[in-house]
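Novice: Below, each chain spelled out in residue letters.
Protein chains: 2
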Amino acid sequence: MIYIPIIVSILTIGFVLYLIQIIKSKPSGSEKMIAIAKAIQEGAVSYLKRQYRTMGLVSIVIFIVLWLTLGFNTSLGFLIGAVLSALSGFIGMMVSTRANIRVAEAAKKGIKPALDISFKGGLVTGLLVVSLGLLSVAGFYLITQDLKALIALGFGASLISVFARIGGGIYTKAADVGADLVGKVEKGIPEDDPRNPAVIADQVGDNVGDCAGMAADIFETYTVTIIATMILGSLLFNNQSFILFPLLLASVSIIASIVGSFFVKGKKIMRALYRGIIVSALLSALGFYYVGMFLFSRLEIKGGYLTTIYYPLIIGLLVAGAMFIITEYYTSKKYSPVRKIAKSSETGHATNIITGLANSLQSTALPIIIISLGIIFSYNFGGVYGIALAALAMLSLAGIVVGVDAYGPITDNAGGIAEMSELPEEVREVTDALDSVGNTTKAVTKGYAIASAGLAALVLFSAYSQELIDRGFTAKFFLDDPKVIAGLFIGGLLPYLFASLAMSSVGKAAGAVVEEVRRQFREISGLMQGTAKPEYAKCVDIVTKASIKQMIIPALIPIVFPILIGFTLGPEALGGLLIGSIITGLFVAISMTTGGAAWDNAKKYIEEGNLGGKGSPAHQAAVTGDTVGDPYKDTAGPAINPMIKVLNIVALLIVAFLI
Amino acid sequence: MIYIPIIVSILTIGFVLYLIQIIKSKPSGSEKMIAIAKAIQEGAVSYLKRQYRTMGLVSIVIFIVLWLTLGFNTSLGFLIGAVLSALSGFIGMMVSTRANIRVAEAAKKGIKPALDISFKGGLVTGLLVVSLGLLSVAGFYLITQDLKALIALGFGASLISVFARIGGGIYTKAADVGADLVGKVEKGIPEDDPRNPAVIADQVGDNVGDCAGMAADIFETYTVTIIATMILGSLLFNNQSFILFPLLLASVSIIASIVGSFFVKGKKIMRALYRGIIVSALLSALGFYYVGMFLFSRLEIKGGYLTTIYYPLIIGLLVAGAMFIITEYYTSKKYSPVRKIAKSSETGHATNIITGLANSLQSTALPIIIISLGIIFSYNFGGVYGIALAALAMLSLAGIVVGVDAYGPITDNAGGIAEMSELPEEVREVTDALDSVGNTTKAVTKGYAIASAGLAALVLFSAYSQELIDRGFTAKFFLDDPKVIAGLFIGGLLPYLFASLAMSSVGKAAGAVVEEVRRQFREISGLMQGTAKPEYAKCVDIVTKASIKQMIIPALIPIVFPILIGFTLGPEALGGLLIGSIITGLFVAISMTTGGAAWDNAKKYIEEGNLGGKGSPAHQAAVTGDTVGDPYKDTAGPAINPMIKVLNIVALLIVAFLI
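Protein chains in written order, with the numbering used here: chain A, 14 to 672; chain B, 14 to 672.
Be careful, since some hints might not be right.
Since the list gives no way to pick out one identical chain from another, each pair is judged satisfied if it fits inside one copy or across any two copies.
To be verified - No farther apart than 25 Å at their CA atoms in a straight line, the calculated lysine-lysine pairs in the DSS-like style are these:
{"id": "1", "residue 1": "Lys-551", "residue 2": "Lys-51"}
{"id": "2", "residue 1": "Lys-353", "residue 2": "Lys-558"}
{"id": "3", "residue 1": "Lys-521", "residue 2": "Lys-353"}
{"id": "4", "residue 1": "Lys-562", "residue 2": "Lys-353"}
{"id": "5", "residue 1": "Lys-161", "residue 2": "Lys-562"}
{"id": "6", "residue 1": "Lys-347", "residue 2": "Lys-281"}
{"id": "7", "residue 1": "Lys-346", "residue 2": "Lys-521"}
{"id": "8", "residue 1": "Lys-521", "residue 2": "Lys-347"}
{"id": "9", "residue 1": "Lys-200", "residue 2": "Lys-627"}
{"id": "10", "residue 1": "Lys-521", "residue 2": "Lys-51"}
Hint data in this document are derived by calculation from the structure and do not stem from the laboratory.
Treat the numbers as computed from the prediction; the structure is a model and nothing was measured.
Please build the complete structure, drawing on both the sequences and the hints.
Specialist: Listed below in structure tokens is the structure:
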């Protein structure tokens with residue numbers, strides 16, 4: 014039966030290749046458009062090359078260390094995880110940088126065709142992430158039958174993902190903030206104006222951050238959750254079916270996602286995208302039922318199959334749905350949180366920020382309550398394994414959800430290309446409509462990713478705890494043990510430290526961009542009048558160097574700390590550290606991603622002509638909020654996902670040496 | 014021996030009355046100054062009256078509920094705690110509003126006499142807080158011998174403190190932000206300019222927030238820590254000496270604080286203040302040694318007296334010292350964190366905020382590491398009781414520390430009075446010098462207060478845990494129990510929710526002030542030219558109403574949630590909730606108070622003439638940062654202290670009903 018997931022993923026990869034062909038067959042517009050798209054592509058590739066070189070160096074060191082300490086299988090697993098994580102990001106981005114121009118061209122004919130291409134482009138990334146993820150886990154397990162080495166595969170994926178998220182995140186926001194600060198605020202020229210020297214860097218950033226970084230992130234969460242559920246199943250039940258089950262569930266959901274993707278059609282963008290997700294979720298729920306029945310019909314399951322296995326899966330899907338709804342409420346222009354921020358912009362920059370921060374803090378409440386309820390109910394039904402199943406069910410939707418997310422940067426780019434190659438106003442209107450929805454779906458996906466990352470990290474913690482019991486370690490994690498408390502505090506600190514480094518990196522890199530853009534406006538005569546061309550490549554180069562340099566230290570935090578604490582304060586403190594990082598990690602990540610998106614949409618709400626519209630003092634204040642929200646939602650916040658998982662995986666890897 | 018603390022506190026109250034006489038005997042300046050001071054006083058009294066009426070209503074309800082459910086002693090304890098907490102805030106504020114004018118007058122003669130009066134004014138509040146605290150605990154215990162009822166005394170104190178902190182915090186920042194937004198930013202008139210209609214409300218705010226609110230807060234932390242240590246001692250050792258010990262330690266430190274206060278002299282303000290604290294700490298360390306030797310010489314202490322009792326006390330003092338140093342590093346103009354924020358203001362509002370937020374996140378790192386080390390070491394030496402002793406030692410310095418803190422609003426007010434009554438420039442220079450130091454000491458005290466609140470809350474949690482064991486409840490708080498995890502999440506949520514409500518309250522109230530101030534500038538002709546007087550009272554009235562209204566819901570959070578979770582999810586989840594709130598509470602509180610102060614001083618750094626000085630674009634951006642930092646550091650951040658303690662105390666009170 015282990016061949017089923019392998020076959021499903023290979024077929025899916027075939028479908029992805031077919032999608033790529035469809036996209037490539039679409040018309041790609043004028044020469045001017047092609048030139049711009051090419052510049053974006055080149056910038057993105059040159060960034061990724063440098064990023065992969067740096068990550069490669071770190072990975073080789075870790076590969077050798079793992080080989081020497083934990084054997085070849087483990088180091089091989091690490092390598093496969095790392096390479097595939099990088100690969101899924103790379104291919105996704107290549108497709109995205111080819112789809113963008115075709116979306117701009119299709120937008121001439123209206124929303125429907127433009128949505129079609131952009132969603133197909135996103136879907137390539139989404140399906141690639143899940144099929145490569147499933148293929149690697151199932152294939153590796155088939156060959157090695159070594160669950161411990163699978164942990165290392167997860168480690169490889171997570172580590173690359175931290176690098177990609179943080180490096181890409183710094184890149185995209187440094188370029189964006191830098192471009193906006195001089196372009197919009199100081200010079201008063203519109204977004205994506207070709208006169209802005211940082212405009213190409215900004216477009217590159219959409220691809221390396223929102224597309225490649227995000228793909229690596231979800232690849233990681235997806236594989237790690239499958240692996241953790243397999244390990245937990247084997248530790249708890251010692252039965253082959255429980256190892257196989259996660260792989261079959263994932264297979265079902267991939268098929269469901271492909272079917273669901275055909276329902277993304279029509280003019281009402283948001284509704285079309287949600288329809289796709291809902292169909293996929295319903296089909297998954299149905300498929301889960303039969304797969305479980307088939308697999309467990311011969312086994313005597315305590316409490317019955319329905320209760321212990323199936324209900325937790327449904328809870329996972331419900332949590333995913335709730336996260337979608339809640340995040341949309343907090344980030345959409347239609348509801349009061351965003352409107353309050355917009356309103357507060359009328360009294361200036363500071364009140365915009367104060368209201369935005371208050372909103373960002375508040376937006377954690379409902380998600381945390383939902384996650385807590387999810388934990389309690391799935392545990393009540395299925396024990397620790399129930400929590401793992403809930404996380405798995407949530408993440409099984411990743412294929413279509415990532416598709417919906419990755420469609421965002423494509424439309425964003427398409428809009429940029431339309432603006433820069435001076436396509437008619439109607440084209441820009443179409444891409445703007447797509448982009449605006451993309452903003453919300455990006456936020457919604459992040460809420461989903463964080464909630465599932467939190468559950469996945471809890472599952473990893475359970476595996477860590479089980480592993481300790483398995484090795485005869487009797488101490489438990491008591492809240493009245495001061496080592497556990499100290500661990501909780503230090504673990505709680507890590508997301509703060511990590512986010513702080515990420516934020517200040519964006520600040521630094523953006524500062525460099527601002528100075529370069531100001532210099533070009535000052536020194537290149539005729540730039541403002543549009544008679545001279547800016548030096549785009551200089552900006553691209555500055556951001557590339559800055560973000561590669563800045564990503565290294567934060568990315569090492571989740572490797573260094575668990576080793577340090579584990580070996581000095583022992584496994585109890587390390588357990589505390591893991592949970593502490595999950596707790597504050599969830600809060601920091603949710604508040605940042607949701608809060609940042611709300612600021613963004615508050616600005617968009619004003620730009621639609623409300624409260625004075627573009628150029629009004631309220632708009633200026635809203636731009637400040639949007640700029641502050643940028644590193645929140647696209648750099649620091651989302652990078653916390655992979656970070657808390659690297660922490661937990663490192664703990665799992667070193668557990669043998671701790672006792 | 015129980016009479017010793019009672020005698021010490023009564024003598025201290027005598028000393029306080031003597032200090033008040035000294036202050037009153039100083040010259041109080043011109044008629045114009047008296048009129049202004051009177052307006053401030055009246056505003057403050059009328060606010061406190063309304064606040065106490067609202068708090069009184071809530072308190073009566075709770076009094077009755079406690080009487081019916083837990084008996085008269087308990088309800089009486091609650092009442093005493095509540096009344097004394099309110100009283101210490103009220104008297105402190107009365108003295109502060111009398112000292113301010115005399116400081117302005119003394120500033121004509123230079124820094125030395127001005128420092129003398131302002132510090133004496135602060136000392137009144139400081140010594141009052143500790144003497145009333147000690148007297149109430151010792152006296153109540155002497156009369157009732159009822160430790161359970163003492164918990165209720167702590168509850169009364171904490172509850173009033175939450176109200177005072179949050180109500181006063183909203184008041185002071187709504188007025189400040191409102192005054193600044195129109196005055197400084199829109200109209201370009203200096204701070205404390207008499208033409209600004211919100212200027213009196215701003216001055217009132219310094220008193221009701223920074224003085225009365227802070228006094229109630231420290232009163233609460235102080236008494237609660239003494240009570241928790243007494244209870245823990247009795248639960249763990251069942252020996253009268255351990256109940257008496259905290260009271261004697263507190264007595265020693267009060268005497269040490271009084272002696273230390275005589276060392277606050279000279280022209281170098283910061284050095285003088287620190288000298289007072291250092292002398293008090295050294296004398297306390299010495300006194301602790303002998304008190305302990307005297308009390309425990311007859312007892313056989315496992316591990317020896319020095320190790321189990323004395324070392325934890327010293328650790329507490331060291332943690333206090335470390336918190337001072339770290340907070341000063343992050344908030345003083347002399348060091349790189351503040352300078353980086355100032356530098357980033359050159360590229361605009363948004364980069365100022367981004368850098369400030371990054372700094373605010375980062376500033377949690379060292380304090381958390383210090384607190385974690387403090388927990389581990391004090392536990393290693395003295396077990397759970399060791400942690401309690403460390404917290405107690407830290408807080409024993411409260412008398413002088415609050416003195417140093419409460420001196421801040423007095424000098425702030427003095428500066429305002431000097432400005433409004435158009436005293437010569439030199440006077441304003443003296444008060445500015447005092448005020449600038451006051452900003453740092455305020456931040457430093459808050460760091461100290463939060464760290465000790467964290468430790469105190471942990472002690473309360475231990476008492477809760479012991480109490481459960483005492484009642485034969487065998488379940489423990491395992492990190493792999495999903496109820497505990499859910500509790501941790503929900504507990505972690507509370508500081509976020511609470512801070513969010515506080516922040517948006519400030520936003521709302523400040524918005525109302527902005528509109529009123531704009532209206533007055535628009536409608537009162539000659540206001541800008543200084544020929545007509547603004548309607549100060551209108552602004553005072555608006556802020557008063559808004560802050561009373563907004564304080565109620567956040568203040569009820571820490572009462573409602575533990576009851577809700579305790580009775581639905583049980584004592585394990587409640588335990589998780591308590592720890593969860595301590596973890597995120599510390600992070601949120603430290604990041605907000607330290608981050609806010611850094612923004613404030615970055616602005617001051619620019620105002621000193623750096624990076625373009627006053628009126629430059631960098632300055633405008635820095636004003637935005639300062640304004641955002643205001644509700645951070647003076648409303649939301651500090652109110653988290655009492656909140657996490659109310660949570661823990663409510664848990665202790667309902668524990669009997671949970672099992």
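Novice: Work down the list of hints and note, for each, if the structure agrees.
Specialist: So, going through the hints one by one against the coordinates:
no.	hint	in the structure
1	Lys-551 x Lys-51	within (16 Å within a copy, 63 Å between copies)
2	Lys-353 x Lys-558	between (38 Å within a copy, 21 Å between copies)
3	Lys-521 x Lys-353	between (30 Å within a copy, 10 Å between copies)
4	Lys-562 x Lys-353	between (38 Å within a copy, 19 Å between copies)
5	Lys-161 x Lys-562	neither (33 Å within a copy, 58 Å between copies)
6	Lys-347 x Lys-281	within (15 Å within a copy, 57 Å between copies)
7	Lys-346 x Lys-521	between (31 Å within a copy, 20 Å between copies)
8	Lys-521 x Lys-347	between (34 Å within a copy, 21 Å between copies)
9	Lys-200 x Lys-627	both (14 Å within a copy, 24 Å between copies)
10	Lys-521 x Lys-51	neither (28 Å within a copy, 49 Å between copies)
In summary, the numbered hints that this structure violates are 5, 10.
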